[in-house]
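Asker: Starting from the given sequences, assemble the full structure and let the hints guide the process.
Read top to bottom, the protein sequences are chains X and B. Residues 1 to 233 (my numbering) make up the first sequence, in order. Residues 1 to 745 (my numbering) make up the second sequence, in order.
Read the hints as simulated data drawn from the structure, not as lab findings. Note that this is a predicted model, so its numbers are computed, not measured. All C-beta atoms, glycine included, are put in the ideal place defined by N, C-alpha and C. You may find that some hints are simply not true.
Claimed, not checked - Negatives, chain X to chain B, calculated, CB over 12 Å:
no. : residue
1   : 36
2   : 38
3   : 69
4   : 120
5   : 121
6   : 127
7   : 131
8   : 150
9   : 157
10  : 172
11  : 175
12  : 193
13  : 224
As the list claims (entries may be wrong) - Stretches of chain X that chain B covers, calculated by requiring three or more beta carbons in the stretch to come under 8 Å of a beta carbon on chain B:
no. : stretch
14  : 7–18
15  : 52–58
16  : 101–111
17  : 198–212
What the hints assert, rightly or not - Counterexamples of contact, computed for chain B against chain X with all Cβ distances above 12 Å:
no. : residue
18  : 145
19  : 261
20  : 293
21  : 326
22  : 343
23  : 360
24  : 390
25  : 403
26  : 670
27  : 697
Below, each chain spelled out in residue letters.
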Amino acid sequence: MKAGIVVFPGSNCDADARRALEAAGAQVHMLWHKEAVPDHLDLILVPGGFSYGDYLRTGAIAAAGPVMQSVREHARRGGLVLGICNGFQILCEAGMLPGALMVNQGLRFLCRDVHVKVDRLDTPFTQALDHPAVLRMPIAHHGGRYVCTADELQELEDERCVLFRYCDSEGRATDAANPNGSVHNIAGILGRKSRVLGMMPHPERAAAPGPAGEDGAILFRSLMGAVEALQAL
Amino acid sequence: MGHAESGPGLDHALEHGLSADEYKRILEILGRAPSWSELGVFSVMWSEHCSYKNSIAQLKTLPRSGGRLLVEAGEENAGLVDIGDGLAVAFKIESHNHPSAVEPYQGAATGVGGIMRDVFTMGARPICSLNSLRFPAIGHETTTWLVDGIVRGIGDYGNCLGIPTVGGEVQFDAAYNGNPLVNAMTVGIVRHDATASAVAKGVGNPVFLVGASTGRDGIHGATFASVELSQESEEKRSSVQVGDPFMEKLLLEATLEMIQSGDLVGIQDMGAAGITCSCSEMSAKGQAGIRIHIERVPQRESGMSAYDVLLSESQERMLVVVEKGREDTVRRICQRWDIHCAHIGEVTDTGRFQVLHHGQLEVDIPSQVLVLGGGAPVYIREWAEPASFLAERAVDLSAVAPVEDLGEELLALLEHENVCSRRWIYRQYDHMIGASTEIRPGGDAGVVAVPGTAKRLAVTTDCNGRLVRLDPRQGAISAVAEAARNLACTGARPLAITNCLNFGNPMDPEIYWQFREAVAGMGEACRVLDTPVTGGNVSFYNESPHGAVHPTPVIGMVGLLEGVEPVPSAFRGPDELVLAAGRAAGILGGSLYLERRVGRQTGAIPLPDLELEKALQAFLASAAEEGLLRSAHDVSEGGLGVCLAEACILQEGRSMGCTVDLSPLNPQGIAADRLLFAETPGLVVLSALPEHRDRLQALAAECGLPLCELGSTGGERLVVEDLLDLSLHEVAERWWCTLERRLEA
Numbered sequence: 001m002k003a004g005i006v007v008f009p010g011s012n013c014d015a016d017a018r019r020a021l022e023a024a025g026a027q028v029h030m031l032w033h034k035e036a037v038p039d040h041l042d043l044i045l046v047p048g049g050f051s052y053g054d055y056l057r058t059g060a061i062a063a064a065g066p067v068m069q070s071v072r073e074h075a076r077r078g079g080l081v082l083g084i085c086n087g088f089q090i091l092c093e094a095g096m097l098p099g100a101l102m103v104n105q106g107l108r109f110l111c112r113d114v115h116v117k118v119d120r121l122d123t124p125f126t127q128a129l130d131h132p133a134v135l136r137m138p139i140a141h142h143g144g145r146y147v148c149t150a151d152e153l154q155e156l157e158d159e160r161c162v163l164f165r166y167c168d169s170e171g172r173a174t175d176a177a178n179p180n181g182s183v184h185n186i187a188g189i190l191g192r193k194s195r196v197l198g199m200m201p202h203p204e205r206a207a208a209p210g211p212a213g214e215d216g217a218i219l220f221r222s223l224m225g226a227v228e229a230l231q232a233l
Numbered sequence: 001m002g003h004a005e006s007g008p009g010l011d012h013a014l015e016h017g018l019s020a021d022e023y024k025r026i027l028e029i030l031g032r033a034p035s036w037s038e039l040g041v042f043s044v045m046w047s048e049h050c051s052y053k054n055s056i057a058q059l060k061t062l063p064r065s066g067g068r069l070l071v072e073a074g075e076e077n078a079g080l081v082d083i084g085d086g087l088a089v090a091f092k093i094e095s096h097n098h099p100s101a102v103e104p105y106q107g108a109a110t111g112v113g114g115i116m117r118d119v120f121t122m123g124a125r126p127i128c129s130l131n132s133l134r135f136p137a138i139g140h141e142t143t144t145w146l147v148d149g150i151v152r153g154i155g156d157y158g159n160c161l162g163i164p165t166v167g168g169e170v171q172f173d174a175a176y177n178g179n180p181l182v183n184a185m186t187v188g189i190v191r192h193d194a195t196a197s198a199v200a201k202g203v204g205n206p207v208f209l210v211g212a213s214t215g216r217d218g219i220h221g222a223t224f225a226s227v228e229l230s231q232e233s234e235e236k237r238s239s240v241q242v243g244d245p246f247m248e249k250l251l252l253e254a255t256l257e258m259i260q261s262g263d264l265v266g267i268q269d270m271g272a273a274g275i276t277c278s279c280s281e282m283s284a285k286g287q288a289g290i291r292i293h294i295e296r297v298p299q300r301e302s303g304m305s306a307y308d309v310l311l312s313e314s315q316e317r318m319l320v321v322v323e324k325g326r327e328d329t330v331r332r333i334c335q336r337w338d339i340h341c342a343h344i345g346e347v348t349d350t351g352r353f354q355v356l357h358h359g360q361l362e363v364d365i366p367s368q369v370l371v372l373g374g375g376a377p378v379y380i381r382e383w384a385e386p387a388s389f390l391a392e393r394a395v396d397l398s399a400v401a402p403v404e405d406l407g408e409e410l411l412a413l414l415e416h417e418n419v420c421s422r423r424w425i426y427r428q429y430d431h432m433i434g435a436s437t438e439i440r441p442g443g444d445a446g447v448v449a450v451p452g453t454a455k456r457l458a459v460t461t462d463c464n465g466r467l468v469r470l471d472p473r474q475g476a477i478s479a480v481a482e483a484a485r486n487l488a489c490t491g492a493r494p495l496a497i498t499n500c501l502n503f504g505n506p507m508d509p510e511i512y513w514q515f516r517e518a519v520a521g522m523g524e525a526c527r528v529l530d531t532p533v534t535g536g537n538v539s540f541y542n543e544s545p546h547g548a549v550h551p552t553p554v555i556g557m558v559g560l561l562e563g564v565e566p567v568p569s570a571f572r573g574p575d576e577l578v579l580a581a582g583r584a585a586g587i588l589g590g591s592l593y594l595e596r597r598v599g600r601q602t603g604a605i606p607l608p609d610l611e612l613e614k615a616l617q618a619f620l621a622s623a624a625e626e627g628l629l630r631s632a633h634d635v636s637e638g639g640l641g642v643c644l645a646e647a648c649i650l651q652e653g654r655s656m657g658c659t660v661d662l663s664p665l666n667p668q669g670i671a672a673d674r675l676l677f678a679e680t681p682g683l684v685v686l687s688a689l690p691e692h693r694d695r696l697q698a699l700a701a702e703c704g705l706p707l708c709e710l711g712s713t714g715g716e717r718l719v720v721e722d723l724l725d726l727s728l729h730e731v732a733e734r735w736w737c738t739l740e741r742r743l744e745a
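Answerer: In structure tokens form, the structure reads like this:
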């Protein structure tokens, strides 16, 4: 798999994402926001951070940058896109995913482990799972409360586009298990064709042995498998 | 000279915080009256903050070289210690107390920014941060405002920069009413052959100012830091700098690229006293001169005078000396990161710091006379042992009646604001970015992996100001010993320390006595434990109208784990051995339990035994290296009872009970309350697999360390036979949830 990681001046999870992708066996290109994006990539990852310092509205300046035009074209061609944390915010701002991410319900930055429930195994991001699962991953954000219009929410649910939902360790999506007040406990959503994923938790921080666990590695393994399967056709 | 005719006189010098004697010296040095700009330059360079004039004589008694130190203390912006394989760790701690007292958010944020720059200006990439905070008592009218602003300030800056905050300490005490302490520490990694130095040399080499533009913020910040806080301090808000962490992130990446290019002669960040301090220190160090042109400095407001520009403490700026002919490297890198890069002057052979404004000479001073170790004043102040020192030691504690219900008392201590979990605070800091945090905040020390190696660093900050007030010398020894013990509990071998010495007004003989005693104690402990001092920071004048803060010499310590799995603080599985290493003493002086019993902080404090500490460290490191330890947690605030309870519940979401009998630890028959709640230094609770019992005992014997078996893990209760029996649900609820409840209320 050939993966590109977009690097804005304030990206700060780019190196962690690179390590996680390389550990899964991907070939990684860092895509500096001022430079042209190669067109042979299977995956473009938009990492976490504070792309432009978050001074206007989180992700807003980044979403208008030229590199995001390339990411849009990559998605239009059917390429895979994964936005993590600030990357999720940017994908929403860029109109590649519906809704927006607002300041956490508690009004404070929150760094902790959460559990998320995943029911769909038929996506390029989760196909390495063999049954629905509860995954543990860290979150670290100030603005992670997912909101959208009632129609958008209806469509997300009808089309089964909610890939990750905050839950407790037993898989119950309760209010108590919702760290930031996201509507319907939404932690991550897919675009219509299941090729674009935006998520607040950080799988790249839970991809090697350590206190955060290794549940996040499943995403990168799934992506490797999905790309290989496609290439085998 | 610009304003020589209408230049400043003695009155103005006094207003600038200089003494009459110091003004006289300035006249002698210059052979004439100073200009306004020159007076400003002397006032900041000879302020306590930049010159260490009231502390340096004592600091020189500390062990400041040896061990694995690569530079001597004070030589560079941060300490540099060898960790093998061509790598070094750069680290330092610094205070930002006064700015945080009047403007908590920006004060704390720029404190973090400043210490980050001290580390990356050496070429080191920061890999983690810590902070040591002291707040007024909970319930004081400013406490929630200070906690909210300071924690947000630290979080927003560090989170944006992308450096995990993995440890530190937070205490609440009425001694800090009106004068909180904010000490920030950063740790970075650099290859030996890729470090940069804070030096200006090579006549004709161009001098660049890189980073943010210069405004009027922070003018006289260094002088502000060198006086006591008062009612009028509110008006000094303009002395507080404003931080921009996004700019710092750009500056961080650009700085490391510039240093890696090999085209730099020297580089220093601009912190206190801005352009003035970096120019005079770098040229003094290079035994050269430096000449700059004020109008070439990118300015964010119009009409700034030379005085304003020279004294501005605008953040996120660097002074860079480049090899002549290689200027394009610096320009190219700064353009890539979209930051200013202005050629503001050059290195000269005059040995003087010279400033021109539109061609007019505004400043012309020999660099050496401005700096510490050169011509800056050095004072040894009068000292006097306060009468309270012997009086507190003489208080008879044998008469203190024991508490009736030991279990209830333990629960009360677990929800004490100086014992309970700091989770509500550290969750506001990104402590996992970098994906290298192996022991998160909340344990004995933070542990981070050094990327691409089998090395890990253990890091901690420690100081119990209550103990230092009661006995400055022994209290400072305790602070060093506890820091080393916290690292050792993770399996690390301590390397070296940095210190942040927070005291009151040194002109008060009793404060200066505290300072002298504490430095002496610190030196003694560092010598015995072989952890030299790499540098640090002194913050005097921490006083409010209510008086001085507790003397708080915060120790920041770094240790190394070489291919060793770090040991956590909490019990991990059932049916494992629970052991105690060290000795129980039962001395209550300075303990939280005693304070609860008698209503004040008093007594003769327990004396740390440095030989025992050394044996303990050797034992813990060897046991960790052999893979014999499942957990290790030391006794500190709240005593052995709290230590055992924490070992049961520290692993979030997974408690592990234990049943122990303390009699093997108590052959001398210490009373139960003293046994449980005395804050005995050098005592550690361990857990281990039963099959490792004999090897652990043999190892302890080799190290000359008492080790006794107390019981085993398992169940959902904390049972101390004959003394208490508590449900872990209750223990966890009290310990985890109290701070949030009390601060959000």
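Asker: Determine for every hint whether it applies to the structure shown.
Answerer: Here's how the hints hold up against the structure:
{"no.": "1", "hint": "36", "in the structure": "holds, 15 Å"}
{"no.": "2", "hint": "38", "in the structure": "holds, 19 Å"}
{"no.": "3", "hint": "69", "in the structure": "holds, 20 Å"}
{"no.": "4", "hint": "120", "in the structure": "holds, 26 Å"}
{"no.": "5", "hint": "121", "in the structure": "holds, 26 Å"}
{"no.": "6", "hint": "127", "in the structure": "holds, 24 Å"}
{"no.": "7", "hint": "131", "in the structure": "holds, 23 Å"}
{"no.": "8", "hint": "150", "in the structure": "holds, 32 Å"}
{"no.": "9", "hint": "157", "in the structure": "holds, 30 Å"}
{"no.": "10", "hint": "172", "in the structure": "holds, 15 Å"}
{"no.": "11", "hint": "175", "in the structure": "holds, 17 Å"}
{"no.": "12", "hint": "193", "in the structure": "holds, 30 Å"}
{"no.": "13", "hint": "224", "in the structure": "holds, 19 Å"}
{"no.": "14", "hint": "7–18", "in the structure": "holds (count 6)"}
{"no.": "15", "hint": "52–58", "in the structure": "holds (count 4)"}
{"no.": "16", "hint": "101–111", "in the structure": "holds (count 4)"}
{"no.": "17", "hint": "198–212", "in the structure": "holds (count 8)"}
{"no.": "18", "hint": "145", "in the structure": "holds, 15 Å"}
{"no.": "19", "hint": "261", "in the structure": "holds, 17 Å"}
{"no.": "20", "hint": "293", "in the structure": "holds, 29 Å"}
{"no.": "21", "hint": "326", "in the structure": "holds, 23 Å"}
{"no.": "22", "hint": "343", "in the structure": "holds, 23 Å"}
{"no.": "23", "hint": "360", "in the structure": "holds, 38 Å"}
{"no.": "24", "hint": "390", "in the structure": "holds, 47 Å"}
{"no.": "25", "hint": "403", "in the structure": "holds, 35 Å"}
{"no.": "26", "hint": "670", "in the structure": "holds, 37 Å"}
{"no.": "27", "hint": "697", "in the structure": "holds, 30 Å"}
When held up to the earlier numbered hints, the structure conflicts with none and fits them all.
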